[in-house]
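Trainee: Below are the chains, spelled out letter by letter.
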Amino acid sequence: MTLHPEKLTCITSAAQSEVGRPSSRTALQLTADACLAAIADAGLEVSDIDGIACYPGKSAEGGGIAPVSPSEAAAVLGIDPNWTLASAEGFSHMAPIFNAITAIACGLARHVVVFRSVAQATARMASRSSTLMSGSRNRVEGNNAWTVPFNALSPINTFALYAQAYFEKYGANEEQLGMIAVNNRRNAAHNENAVYRKPLSLDDYLASRVISTPLRLLDCDSHIDGSTAIVVSHRDAAKDLKNPPLHIESMGMAVGGLWVGRYEGDFTSMPAAHKAGEMLWSRTDLKPADMDCAQIYDGFSIHVWMWMEALGLVPRGEACRFVEGGKRIALDGELPLNTGGGQLSAGRFHGYGHIHEATVQLWHRGGGRQVEDAKTCIISNGGYGYGAMILRRD
Amino acid sequence: MSETIPPARKLPKLEPGSAFFWTSGADGVLRIQRCSSCGTWQHPPFPRCSSCGSEAVAPAPVSGKGRIASYTINHERWLPGLQVPFVFAVVELAEQSELYVFTNLLAPVEAARLGMPVTVAFEQHEDVWLPMFRPDETGGVA
Ligand SMILES: [Zn+2]
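So the protein lines, in turn, are chains C and V. Numbering-wise (full-length UniProt numbering), the first sequence opens with residue 1 and increments by one. Numbering-wise (full-length UniProt numbering), the second sequence opens with residue 1 and increments by one.
Bound-form chain C, shown alone (with noise of 0.2 Å):
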């Protein structure tokens, strides 16, 4: 019989900091907000935490990407955990989140809190640019090397890649494209923690710059400083918290693709993502018309079709029609999709947003963007990594 850890545990609890371009706090600071509120939206103590991981821990990169490590989180916080965990690696954004889940039910923990911190945005006070653009006369080295000498000096250029084929292959269009920012922007509307939330139209979009084709600014996810935290319990220890608990239904991983691996496939899907995808729907019995509402990647707009279609929520190559003049996915939609504003309105929290935004909708805190009497979300994570779950409340 196949074990299903993620069936032993729920999500209790969701909270995020305040969002800034830039925040006058440290990410220091903001993570223990989220975190704090986190416990406390759960109705826990601090001592009742004895897990705490994070995507991705601590490094010296220096843009604001991996600010934090779950250790020193744990000290700021008072938190004696019996089990930590950073993880940059598999499984995308997710990797804490599923390593949590196999802690909890192994019995090494009862409550893990699971934060995602960013500083971009104060990063790119001191640096315009990313470490790729750095004017530095060093060499590229690593996977790096691989595209900056040919001055793809930004992921878009590698993303956009994948949106020409996608084009060409299913006779995509810029309108249609163009509904995944517009569909954003309608929701973040109604979120307070977006970091854009005046209104954008069609005609709006088209004419924003051009980055590389067919890639315009609005197809891209913005940097700030914030961080997510939820808690995640053993299903047993759930029962008499604040929140109804959310069930971890199901989950689905993979690895494998551009730098992690070698790319198979032509460039109009992430073939990992689909594996990722199989996994999901291996574990449950529910099906892609069950779900209620979608909370799928967007770091750049194109990923969210190849995401719909590695998930199976609609079939290959029609994600393009189906988002077409954006009214299957709105709020009042067959599916609607990134609630909150996803990252491309809300910010780049690197899918740890599309996990918050599920939360909200499933304890119906949505006000003006809550979809009517959601029990069940999808989520997914990750343009180099793959990770999805789906979330389900009684």
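Just so you know, these hints were derived from the structure itself, not from any lab. There may be inaccurate statements among the hints.
[As the list claims (entries may be wrong)] Result set (DSS-like, lysine-lysine): computed pairs, CA atoms no more than 30 Å apart in a straight line:
id : chain 1 : residue 1 : chain 2 : residue 2
1  : C       : Lys275    : C       : Lys7
2  : V       : Lys13     : C       : Lys58
3  : V       : Lys65     : C       : Lys169
4  : C       : Lys275    : C       : Lys239
5  : C       : Lys327    : C       : Lys375
6  : V       : Lys13     : V       : Lys65
With chain C fixed as given, assemble chain V with the ligand onto it according to the hints.
Mentor: Below, chain V with the ligand without anything else, positioned relative to chain C:
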């Protein structure tokens, strides 16, 4: 903000596993890692063949011909002095399905299209021969 003028291109560091790729153009021939046990080509290079597991992998000459699997026209001037627009492309080499290399297309940007036959044209920068590609006037590979 004072910024030093960067080099025209950021060049790859010549690392043990991949230096052959960047210096291959010195004699005008593109080389890709190939497994001598099973014949599979692989790029980026690995210390062993990911098809059969053999460590008998070594650089071997390729035709330098292929087709554009996808491309993008970059308009953003990421660095001072960067000439835009330019085409960043991924080429599927003729030797094997899904054997991809990244490159720039040496042609007017409006000429780029998927499936376009291309052939390698090296550009030397210091001790690096960047494998660029240009349209293959001979019609390229079948
Ligand atoms: Zn072999």
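Trainee: Hint by hint, say whether it matches the structure.
Mentor: Here is what the structure says about each hint:
For the hint linking Lys275 (chain C) to Lys7 (chain C), the alpha-carbon distance of about 20 Å falls within 30 Å, and the restraint holds. Our distance criterion of 30 Å between C-alpha atoms is met by Lys13 (chain V) and Lys58 (chain C), whose separation comes to about 25 Å. For the hint pairing Lys65 (chain V) with Lys169 (chain C), the CA-to-CA distance comes to about 22 Å; that is within 30 Å, so the pair holds. A threshold of 30 Å between alpha carbons decides the hint, and for Lys275 (chain C) with Lys239 (chain C) the separation of about 33 Å lies outside it, so the pair is violated.
With a C-alpha separation of about 21 Å, the suggested pair Lys327 (chain C) and Lys375 (chain C) falls inside the 30 Å cut-off, and the hint holds. For the suggested pair Lys13 (chain V) and Lys65 (chain V), the alpha carbons sit about 25 Å apart, so the restraint of at most 30 Å is met.
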